[in-house]
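Based on the hints, put chain B in the right spot on chain A.
Residue numbers (the UniProt record's numbering), protein chains in the order written: chain A, 1 to 205; chain B, 1 to 205.
Honestly, I wouldn't trust all of these hints.
[Said to hold, decoys possible] With a cut-off of at most 25 Å between alpha-carbon atoms, the simulated SDA-like pairs for lysine to any residue come out as follows:
no. : chain 1 : residue 1 : chain 2 : residue 2
1   : A       : Lys43     : B       : Leu98
2   : A       : Lys114    : A       : Gln202
3   : B       : Lys60     : A       : Trp179
4   : B       : Lys189    : B       : Ile173
5   : B       : Lys60     : A       : Asn150
6   : B       : Lys5      : A       : Asp93
7   : A       : Lys5      : B       : Gln138
8   : A       : Lys189    : A       : Asn176
9   : A       : Lys113    : B       : Cys117
10  : B       : Lys101    : A       : Met103
11  : B       : Lys80     : A       : His106
12  : A       : Lys101    : B       : Lys120
13  : A       : Lys182    : A       : Asp97
14  : A       : Lys101    : B       : His129
If you are wondering where the hints come from, they were derived from the structure by calculation, not from laboratory data.
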Amino acid sequence: MSTYKLYYFSGRGRAEVSRLIFAAAGQKYEDIRYERDQWPSHKSEMPLGQMPVLEVDGTKLPQSLSIARFLAKQFQLAGKDNLEQAKVDAVVDTTSDLVSKYMPVHFEQDPKKKEELILKFLTEELPKHLQNLETLGKLYGNGGPFFVGNHLTWADLFFYEMGGNMLQVDANCLDNLPWLKKNRTEVEKQPKIAEYLKNRPQTQF
Amino acid sequence: MATYKLHYFNLRGRGEVARLIFAAAGQQFDDIRYERAEWPSHNAEMPLGQIPVLEFNGVKLPQSLAIARFLAKQFQFAGKDNLEQAKVDAVADTVADLMAKYGPTYKEQMETKNQACIQKFLAEELPRHLTNLETLGQMYSDGGYFFVGNHLTWVDLFLYDLLETIRQHDDHILVKYSWLKHNHEEVEKQPKIAAYLKSRTQTPV
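Extracted from the complex, chain A is given alone in its bound form:
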């Protein structure tokens, strides 16, 4: 039996997809959360001085998406064969492209500049990335509500979380994207996910 320790800040951020995978799998793990002032004293314990890190059976793994993919494969949430897993990975990478464009906006400290960046992001970036995801959902979804192969995979969980973050920035961003809207609704209906969402710590990020 493997033991799992997930190290991250006290927030959702880049660790939440893994927490959602653990929840969907009904798998226990140590959910280690460092406050900002605790982190410097733990930084050197992590391979790249960054988090999240997953410790599994003594091995430390950095990189949030590698961690998530590993866990998804452990718990059969990655896709049932190589080609399905590739479709799942392609959807995840497309969601990740969206996140990468949002990160500089998120971290901007100057309020006026941030407002400009948000507007630019909402008009020039967000729509095309969401449209890409709507396209992939229809292409790989086999007519069902999940991204790949008519069953829940970590691609659905990752988009659930990141889509949720985008809805905080613009509550209407999915209005013209019915497939994506339905996908998120389907994810939050899953009993183990619904339970987890009800109980998870509410954090700013």
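Frame of chain A, contents of chain B only:
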């Protein structure tokens, strides 16, 4: 017989890791290359209007790393079990972090014809990425010179090509990183890789 078609520009860029995996596996594939002027007329054929795209058994897959991981798994270059594959993925994500910083720098240099941004990248950005990769190599390599588990995996190929590109600016970038230097040499010694490198189309990136 499976048929593989790789669609990309007539460049190494984000397509080369897939080509290197095909070469390491001794696997035939359709190496479709678009010149810049041709590309707009093919844009709509691709799921996300982007390349590379892998076509396999009638399925079109976008996203260079999802493609690479799929091919690596087809040909046993991905890592021999889930944990090994996770280590390979973690290193690949770390290489991708470097590529994400290099890409815009290269683009800026091309547009401004000014070397200053390259020099800044080499002095201020590159070292911490190489240090991270050196750290992971030493951590996961089991005492050998492949990144994971004493055998060639796709991440060795991925980093090899990116470093060949960056070395064009400064041939001495690996001088302080002895593990990475050995890894680089080990990759180009592999007979199928050596043969491919000798015969492949030479492009600036």
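- Task: Below or equal to 25 Å on CA atoms is what counts here, so check Lys43/A against Leu98/B.
- Result: 20 Å, holds
- Hinted pair Lys189/A and Asn176/A, Cα distance within 25 Å: 21 Å, holds
Keeping to a limit of 25 Å between CA atoms, is the pair of Lys5/B and Asp93/A held or broken? 20 Å, holds
Check: Is Lys101/A within 25 Å of His129/B, Cα to Cα?
Finding: 21 Å, holds
Mind checking the alpha carbons of Lys5/A and Gln138/B for me, to see if they're no more than 25 Å apart?
22 Å, holds
ask   = Lys101/A and Lys120/B: Cα distance at most 25 Å?
value = Since the Cα atoms of Lys101/A and Lys120/B sit roughly 23 Å apart, the hinted pair holds (cutoff 25 Å).
Check your understanding: Taking 25 Å as the top limit, are the C-alpha atoms of Lys114/A and Gln202/A close enough?
Key -> Answer holds: Lys114/A to Gln202/A is near 24 Å, not above 25 Å.
- Taking only the CA atoms, is the gap from Lys189/B to Ile173/B under or equal to 25 Å? Roughly 20 Å between the alpha carbons, so the hint for Lys189/B and Ile173/B holds.
_Please verify whether Lys101/B and Met103/A have alpha carbons no more than 25 Å apart._
Holds: Lys101/B and Met103/A sit about 14 Å apart, inside 25 Å.
For the pair supplied as a hint, Lys182/A and Asp97/A, confirm whether the alpha-carbon distance does not exceed 25 Å.
With Cα atoms ~22 Å apart, Lys182/A and Asp97/A stay inside 25 Å; holds.
**Asked** Are Lys113/A and Cys117/B close enough, with their CA atoms no more than 25 Å apart?
**Response** At roughly 24 Å apart (the allowed maximum being 25 Å), Cys117/B and Lys113/A satisfy the hint.
Given the hint that Lys80/B pairs with His106/A, does the C-alpha gap stay at or below 25 Å? 38 Å, violated
Checked against the numbered hints given earlier, this structure breaks only hint 11.
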